[in-house]
Amino acid sequence: MIQKVWVFLSSNLPNIFSIVGLLTVLCALIALITRLTVGNFFNKNLERHKSQLMIENDQFKKHLNSELEELKHKQQKILKDFDLYTTKKHETYPELYKCLEKAIGKIMRLKGETRFPSFENVSSEDLEDYLKSLNVTAKDKDDILQLWNNNATKNDAILRIRKVLKMISYNEAYELWHEANDFFIYNELYFSERVAGQARKLLDFLWEYLEYLEPIAPLDSEDLRAINELKTMVIPNARNELKQLLKEDLTLSFNQ
Numbered sequence: 001m002i003q004k005v006w007v008f009l010s011s012n013l014p015n016i017f018s019i020v021g022l023l024t025v026l027c028a029l030i031a032l033i034t035r036l037t038v039g040n041f042f043n044k045n046l047e048r049h050k051s052q053l054m055i056e057n058d059q060f061k062k063h064l065n066s067e068l069e070e071l072k073h074k075q076q077k078i079l080k081d082f083d084l085y086t087t088k089k090h091e092t093y094p095e096l097y098k099c100l101e102k103a104i105g106k107i108m109r110l111k112g113e114t115r116f117p118s119f120e121n122v123s124s125e126d127l128e129d130y131l132k133s134l135n136v137t138a139k140d141k142d143d144i145l146q147l148w149n150n151n152a153t154k155n156d157a158i159l160r161i162r163k164v165l166k167m168i169s170y171n172e173a174y175e176l177w178h179e180a181n182d183f184f185i186y187n188e189l190y191f192s193e194r195v196a197g198q199a200r201k202l203l204d205f206l207w208e209y210l211e212y213l214e215p216i217a218p219l220d221s222e223d224l225r226a227i228n229e230l231k232t233m234v235i236p237n238a239r240n241e242l243k244q245l246l247k248e249d250l251t252l253s254f255n256q
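Each step along the sequence shown adds one to the number in this note's numbering, with nothing skipped, and position 129 is 129.
Heads up, some of the hints might be wrong.
Stated by the list, open to error - Dumping the calculated EDC-like pairs for lysine to aspartate or glutamate here, alpha-carbon to alpha-carbon at most 16 angstroms:
1) Lys-139 / Asp-129
2) Lys-243 / Glu-95
3) Lys-102 / Glu-172
4) Lys-163 / Asp-140
5) Lys-102 / Glu-175
6) Lys-89 / Glu-193
7) Lys-89 / Glu-248
8) Lys-163 / Asp-143
9) Lys-98 / Asp-182
10) Lys-88 / Glu-188
11) Lys-111 / Asp-223
12) Lys-247 / Glu-95
13) Lys-154 / Glu-128
14) Lys-111 / Glu-214
15) Lys-163 / Glu-214
16) Lys-111 / Glu-229
17) Lys-166 / Asp-140
18) Lys-111 / Glu-172
19) Lys-154 / Asp-140
20) Lys-102 / Glu-179
21) Lys-88 / Asp-249
22) Lys-154 / Asp-143
23) Lys-231 / Asp-204
24) Lys-247 / Glu-193
25) Lys-111 / Glu-211
26) Lys-111 / Asp-220
27) Lys-201 / Glu-188
28) Lys-102 / Asp-182
29) Lys-247 / Glu-91
30) Lys-106 / Glu-214
31) Lys-106 / Glu-211
32) Lys-154 / Glu-120
33) Lys-163 / Asp-142
34) Lys-243 / Glu-193
By construction, these hints were calculated from the structure, which means they are not laboratory data.
Model the full assembly from the supplied sequences, consistent with the hints where possible.
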């Protein structure tokens, strides 16, 4: 059997080599075609992915630039708003201090030594002009002039004038308090929390003091003690504390 196979192979060897060679060539050709096809497929996919990545990269860059521009705009706005806030603070703090000091000065002078004109060598016409300059009501002016023109009641006229002057001083103090209070309310947004709180305390103490000193209000010993405490301790301490806070806030904003 083996011998027959060997004889067959020996006699047909050239044909067998031809077939094997052909198969080998075909296999090599198929392998080459497959490799080229696969390579081309991957190259196309690679190019497509590269193109897609470039598009996505460009889109990302555009989005990032847009976000950066928006962030830059917001930052500029914040800085601008902060500059405006700081500028407004530097305007309102001194004005608040000025309004409060004017009110304090007037209110603190309501009780204590008060200077009145002596009214020596004053004619009826001079007195009338003086009363007009103070915007005294027509009734008060007529009543005072009537007392003044009678030598027996001239001292009563002077007492009446002093009473009117006290009322005028009280009204002026009242108006200055309201000016300071209005300024505080209108500009409170620009004050720090601690400055706003301390300014409010000081305004409330001043109002309490004014209430005690209202000319028509009778005062007892307890009222007098409260008035003295407000004048000598409470208001001065609140005033000094506010002044210190204003300085600290302004110094802090200068250093920012």
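Status of the hints after comparison with the structure:
Only pairs whose Cα atoms come within 16 angstroms are accepted, and Lys-139 paired with Asp-129 is accepted, the gap being roughly 15 angstroms. For the given pair, Lys-243 sits about 12 angstroms from Glu-95 by alpha-carbon distance, which is consistent with the 16 angstroms threshold. Of the supplied pair hints, the one linking Lys-102 and Glu-172 holds, its CA atoms being roughly 11 angstroms apart against a limit of 16 angstroms. For the hint pairing Lys-163 with Asp-140, the CA-to-CA distance comes to about 11 angstroms; that is within 16 angstroms, so the pair holds.
With a C-alpha separation of about 11 angstroms, the suggested pairing of Lys-102 with Glu-175 holds against the 16 angstroms cut-off. At roughly 13 angstroms between alpha-carbon atoms, Lys-89 and Glu-193 fall within 16 angstroms of each other, so this suggested pair holds. Between Lys-89 and Glu-248 the alpha-carbon distance is near 12 angstroms, which keeps this suggested pair within the 16 angstroms criterion. A distance of roughly 13 angstroms separates the Cα atoms of Lys-163 and Asp-143; the hinted pair therefore holds under the 16 angstroms criterion.
Between Lys-98 and Asp-182 the alpha-carbon distance is near 13 angstroms, which keeps this suggested pair within the 16 angstroms criterion. Distance check on the hinted pair: Lys-88 and Glu-188 sit about 11 angstroms apart at the alpha-carbon level, within 16 angstroms; holds. For the hint pairing Lys-111 with Asp-223, the CA-to-CA distance comes to about 13 angstroms; that is within 16 angstroms, so the pair holds. At most 16 angstroms may separate the alpha-carbon atoms for a hinted pair to count; Lys-247 and Glu-95 meet this at roughly 13 angstroms.
Restraint check for Lys-154 and Glu-128: the C-alpha separation of about 14 angstroms stays at or below 16 angstroms, so the hint holds. Between Lys-111 and Glu-214 the alpha-carbon distance is near 10 angstroms, which keeps this suggested pair within the 16 angstroms criterion. A hinted pair counts as satisfied when its Cα atoms are at most 16 angstroms apart, and Lys-163 with Glu-214 qualifies at roughly 12 angstroms. For the hint pairing Lys-111 with Glu-229, the CA-to-CA distance comes to about 13 angstroms; that is within 16 angstroms, so the pair holds.
Distance hint between Lys-166 and Asp-140 is fulfilled; the C-alpha atoms sit about 13 angstroms from each other, no more than 16 angstroms. Proposed proximity of Lys-111 and Glu-172 is supported: the alpha carbons are some 14 angstroms apart, at most 16 angstroms. Simply put, Lys-154 and Asp-140 have alpha-carbon atoms about 15 angstroms apart, close enough for the 16 angstroms limit, and the pair holds. Restraint check for Lys-102 and Glu-179: the C-alpha separation of about 10 angstroms stays at or below 16 angstroms, so the hint holds.
Using a Cα cut-off of 16 angstroms, the hinted pair Lys-88 and Asp-249 holds, with the two alpha carbons roughly 13 angstroms apart. Between the alpha carbons of Lys-154 and Asp-143 the distance comes to roughly 11 angstroms, so the proposed pair stays at or under 16 angstroms and holds. Our distance criterion of 16 angstroms between C-alpha atoms is met by Lys-231 and Asp-204, whose separation comes to about 13 angstroms. With a C-alpha separation of about 14 angstroms, the suggested pairing of Lys-247 with Glu-193 holds against the 16 angstroms cut-off.
Distance restraint check for Lys-111 and Glu-211: the Cα-Cα separation of roughly 12 angstroms lies within the 16 angstroms cut-off, and the hinted pair is therefore satisfied. Of the pairs offered as hints, the one joining Lys-111 and Asp-220 holds, with about 15 angstroms between alpha carbons and a cut-off of 16 angstroms not exceeded. Of the pairs offered as hints, the one joining Lys-201 and Glu-188 holds, with about 14 angstroms between alpha carbons and a cut-off of 16 angstroms not exceeded. A threshold of 16 angstroms between alpha carbons decides the hint, and for Lys-102 with Asp-182 the separation of about 14 angstroms falls inside it, so the pair holds.
Between Lys-247 and Glu-91 the alpha-carbon distance is near 13 angstroms, which keeps this suggested pair within the 16 angstroms criterion. Between the alpha carbons of Lys-106 and Glu-214 the distance comes to roughly 14 angstroms, so the proposed pair stays at or under 16 angstroms and holds. Distance restraint check for Lys-106 and Glu-211: the Cα-Cα separation of roughly 14 angstroms lies within the 16 angstroms cut-off, and the hinted pair is therefore satisfied. The straight-line distance between the Cα atoms of Lys-154 and Glu-120 is roughly 11 angstroms, inside the 16 angstroms bound, and the hint therefore holds.
For the proposed pair Lys-163 and Asp-142, the alpha carbon gap of about 15 angstroms is at most 16 angstroms, so the pair holds. Straight-line distance between C-alpha atoms of Lys-243 and Glu-193 comes to about 15 angstroms, which keeps the hinted pair within the 16 angstroms bound.
This entry satisfies every hint, going by the numbered hints stated previously.
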